[in-house]
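Let's have the full structure, built from the sequences with the hints guiding it.
So the chains spell out like this:
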Amino acid sequence: MEEKDLIEQSIEKRKAEIQDFKQQQELLFESMTEDEKIEYLVNTYTNNSKLIKKYGFSTISEDEVK
Amino acid sequence: MKDNFYNLKQKAHISPDIKRDDCQLVAIDTNVFIDMSHHMRDNKKVTGFYGKIREIRLKAEQGQIRFVITPSVLSELAVHGLSPIEVEFIKKYCVILEPKDKQAFAKEAVSLSREYIRSGAMKPSKTPWGDALIMAESTIAGLNILTNNYKDFVVYKDEHGGSKRYKHDKYDDIVPRTNYKDDYIPENLTHMNENELVSYLKLKKRFRALDIGRVNYGMNYGYKNKNGYTVIPMPFTTTDYIGKRSEKEGLWRTNQFVTNFNSSKLDLVPYEMGQE
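Residue numbers (my numbering), protein chains in the order written: chain A, 15 to 80; chain B, 131 to 406.
Think of the hints as simulated: they come from the structure by calculation, not from any bench. Hints may be right or wrong, so weigh each one.
To be verified - Only pairs whose alpha carbons sit at most 16 Å apart, straight line, appear in this in silico EDC-like list of lysine to aspartate or glutamate:
hint: 1; chain 1: B; residue 1: Lys232; chain 2: A; residue 2: Glu78
hint: 2; chain 1: B; residue 1: Lys237; chain 2: A; residue 2: Glu50
hint: 3; chain 1: A; residue 1: Lys27; chain 2: B; residue 2: Glu216
hint: 4; chain 1: B; residue 1: Lys230; chain 2: A; residue 2: Glu78
Spelled out as structure tokens, the structure:
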């Protein structure tokens, strides 16, 4: 198999993984109240912050973009 | 803002000789991120869709574009872990949108997402929460979204508050955006009272993230301007009429980093079928 095909295969696999997660998240969101959604997102943002710190990613806040 | 920009350039490793106006921040959705980060492993000539991906990524390498990863996109990418290639891509060409006030940001994101979903015109089936959240987060930050899945995203609110999807033959009406006045101020503006105008501008602001540059294209998905070029729509600028008016009223969030951005800077070549 050519390298290009391998890359495309890995990309499709990656997209499929994420699509699965999105579908699960969709079901989860459908069952949540507004407050639970907000809490879920805050937790997500907190986990993101840990990831950002771990990898040393550059960040920008919503205020800095504007 | 100037200090912020230079701090950002330093943080994002953008060459200091790149002028502010040349650097555009644009949000990308998950699929575009994956395509963009995985498809540049060699120097072989790539045409067609992936050629476009490469072109846009080259603009990032040249410091003209910086991709913004919104919180929802990052969480989607991280759910199974980030690959080394993706980490490298983020470090070189992206900045992560990290809410300053997580609680307030989440509250607004949920509120906007609900509004997007309720608009009900993005596509025949229901708009997923995930996509709505990405749009909401981008909107809060005042960013456009780069996606290859415009059918899930594009919604346009007309002056009567109704929503509609752009048809293919309408693309020339929305890209390139050279005259925001015509685009965003309804004909009956002069008949609006102050409250109606405020509501109108708020509505527009909320849907700004739906100005989307598409990187997926082809005979059935042509997203081209009159010259046949695939373009990324311009965000609002600080100099257009609405920007000035709303800034005065404290309603409008203009994106300083993309002021005077001209889509021609991208210099994308027209796509021809059969190039794949």
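Structure-based check of all given hints:
1. Taking the CA atoms of lysine 232 of chain B and glutamate 78 of chain A, the gap is about 15 Å. The hint holds against a cut of 16 Å.
2. A distance of roughly 10 Å separates the Cα atoms of lysine 237 of chain B and glutamate 50 of chain A; the hinted pair therefore holds under the 16 Å criterion.
3. In summary, the hint linking lysine 27 of chain A to glutamate 216 of chain B is supported, as the alpha carbons are separated by about 14 Å, within the 16 Å threshold.
4. A threshold of 16 Å between alpha carbons decides the hint, and for lysine 230 of chain B with glutamate 78 of chain A the separation of about 10 Å falls inside it, so the pair holds.
Violation of the numbered hints given earlier is absent; every hint is satisfied by the structure.
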